[in-house]
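*Asks:* These are the residues of each chain, in order.
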Amino acid sequence: AQTVTQSQPEMSVQEAETVTLSCTYDTSESDYYLFWYKQPPSRQMILVIRQEAYKQQNATENRFSVNFQKAAKSFSLKISDSQLGDAAMYFCAYPHTGANSKLTFGKGITLSVRP
Amino acid sequence: DAGVTQSPTHLIKTRGQQVTLRCSPKSGHDTVSWYQQALGQGPQFIFQYYEEEERQRGNFPDRFSGHQFPNYSSELNVNALLLGDSALYLCASSLGSPSWGYTFGSGTRLTVV
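For the record, the sequence lines run as chains A and B.
Okay, so the first sequence: first residue is 33 according to the numbering used here, each after it adds one.
Okay, so the second sequence: first residue is 968 according to the numbering used here, each after it adds one.
Excised from the complex, chain B in its bound form (with noise of 0.2 Å):
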């Protein structure tokens, strides 16, 4: 049973390019939840896709946007590149109630040059 797989592992840009990762879930799992984790940092809740629509989103700029695809798969867009974007990007699956956490994925470790 494959757990939560993301691609890219890793991934360099430049500033103001734009970026797309993405992330299959663990199978049989329905809500997507992205999250960004600077060195060091615990990460931080940017947004939650359930039913291929954003259920809801942590304090991050507009210029952060994802969408889910009927298979419950899921991408993070993220224009106009900034150094501060540079972070490891983890995806967590879920089904229903949180209560026996998340299925989280190796991330994506994103550097903006």
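Chain A extracted, bound-state conformation (with noise of 0.2 Å):
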């Protein structure tokens, strides 16, 4: 089955600095995707980025991007110059493909953004 886990529970980042959230998954698929959703007070899910596993290139959006490391089945999402709107839950999800094409989340990680 898979599993998406994110060991921690919350991180902090002073404005204008980079951040990275951790997360790590497990599956027997070869092809699939990753997404990172932002979960903001407004409690409605952002999807944030998307990676496709066949492909070798990390993703990119801005000011965040992953890295990707398909081996170790990791799945890391990293915000550069962090402004105060970043402030948020940050979930890592697995979609499944097919029939079942549920999401499967990690617990999320509570970001803060210092001033």
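These are computed hints drawn from the structure, not numbers from a lab.
Be a bit skeptical, because a hint or two may be false.
[Claimed, not checked] Stretches of chain B that chain A covers, calculated by requiring three or more beta carbons in the stretch to come under 8 Å of a beta carbon on chain A:
#1 1005-1011
#2 1014-1028
#3 1031-1042
[Stated by the list, open to error] Here are a few chain A residues that sit away from chain B, every Cβ distance over 10 Å (derived from the structure):
#4 GLU47
#5 THR56
#6 TYR57
#7 SER74
#8 GLN76
#9 GLN89
#10 ALA91
#11 ASN94
#12 SER112
#13 ASP113
#14 LEU116
#15 LYS139
Ideal Cβ placement from N, Cα and C applies to all residues, glycine included.
With the hints as a guide, bring both chains together as one complex.
*Replies:* Here it is as structure tokens:
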């Protein structure tokens, strides 16, 4: 069964600095996707970035980038130039494919940004 | 273009009661999934609806049931509420492959007293 593990419950970063959020996962599939979602106090899950496992190049979306290590089954999120609006819970998620298309989430990381 | 709309926003119920939560998917989306998120935890998959049928189900008791209507909107029903059912209930919609991610609503906060 696919599992997602986020072992850091909380992290803090100074505004304008860089922070890395860790995630590991387990799957027997060879081709899959991975997501990072952001959940601000408004509660709505927002897709931050997605990675396709067959692509060796790490995904980047503006200030957000990932470090995807397929062999190690590691998928970390790097936030550069942190802003106050980045404060939120961040979830790593594995989308199952085919008829079983649910999302498996990690427990999440609460990120606070210090001004 | 409206995203996913959930109602009500907040709800307080008494143990043993029944509750119905509603979800309107993003325009053009045909698949609706429901998740339960306990405080400080990641969302847990409840079930998914496609073409008005339950396509898959997570590890939740039969007290949790749902429905999808021809316009793709969906309802989540919970019977015989327990204190442990207190959580944020999230609805997510998608079209076809989930590889581009789901669009989530802002959820319904259910409190059982």
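*Asks:* Each hint should be assessed against the structure and marked as holding or not.
*Replies:* Structure-based check of each hint:
1. With 5 residues bearing a CB less than 8 Å from a CB of chain A, the region 1005-1011 of chain B meets the requirement of three and the coverage assertion stands.
2. Under the rule that three or more residues need a Cβ within less than 8 Å of chain A, the assignment of the region 1014-1028 of chain B holds, with 4 such residues.
3. Counting residues of the region 1031-1042 of chain B whose beta-carbon sits less than 8 Å from any beta-carbon of chain A gives 0, not enough to reach three: the coverage restraint is violated.
4. The beta carbon of A/GLU47 is kept farther than 10 Å from every beta carbon of chain B, the shortest such distance being approximately 24 Å.
5. Once the 10 Å rule is applied to beta carbons, A/THR56 is consistent with being away from chain B; the minimum gap is 14 Å.
6. Distance to chain B confirms A/TYR57 as a non-interface residue, since its nearest Cβ pair spans about 13 Å, more than 10 Å.
7. The Cβ of A/SER74 does not lie farther than 10 Å from every Cβ of chain B; its closest approach is about 6 Å, which violates its non-interface assignment.
8. The Cβ of A/GLN76 sits about 4 Å from the closest Cβ of chain B, inside the 10 Å cut-off, so the non-interface label is violated.
9. For A/GLN89, the non-interface assignment is confirmed: its Cβ lies about 17 Å from the closest Cβ of chain B, beyond the 10 Å cut-off.
10. Here A/ALA91 stays apart from chain B, with its beta-carbon at least about 12 Å from theirs, past the 10 Å limit.
11. The beta carbon of A/ASN94 is kept farther than 10 Å from every beta carbon of chain B, the shortest such distance being approximately 17 Å.
12. Under the 10 Å C-beta cut-off, the non-interface status given to A/SER112 relative to chain B holds; the minimum distance is some 22 Å.
13. Separation of A/ASP113 from chain B is adequate, the least Cβ-Cβ distance of about 24 Å exceeding the 10 Å criterion.
14. The Cβ of A/LEU116 lies farther than 10 Å from every Cβ of chain B, with a closest approach of about 21 Å, so its non-interface assignment holds.
15. Residue placement check: A/LYS139 does not keep its beta carbon more than 10 Å from all beta carbons of chain B (closest about 5 Å).
Hint check: violations occur at hints 3, 7, 8 and 15; the rest are consistent with the structure.
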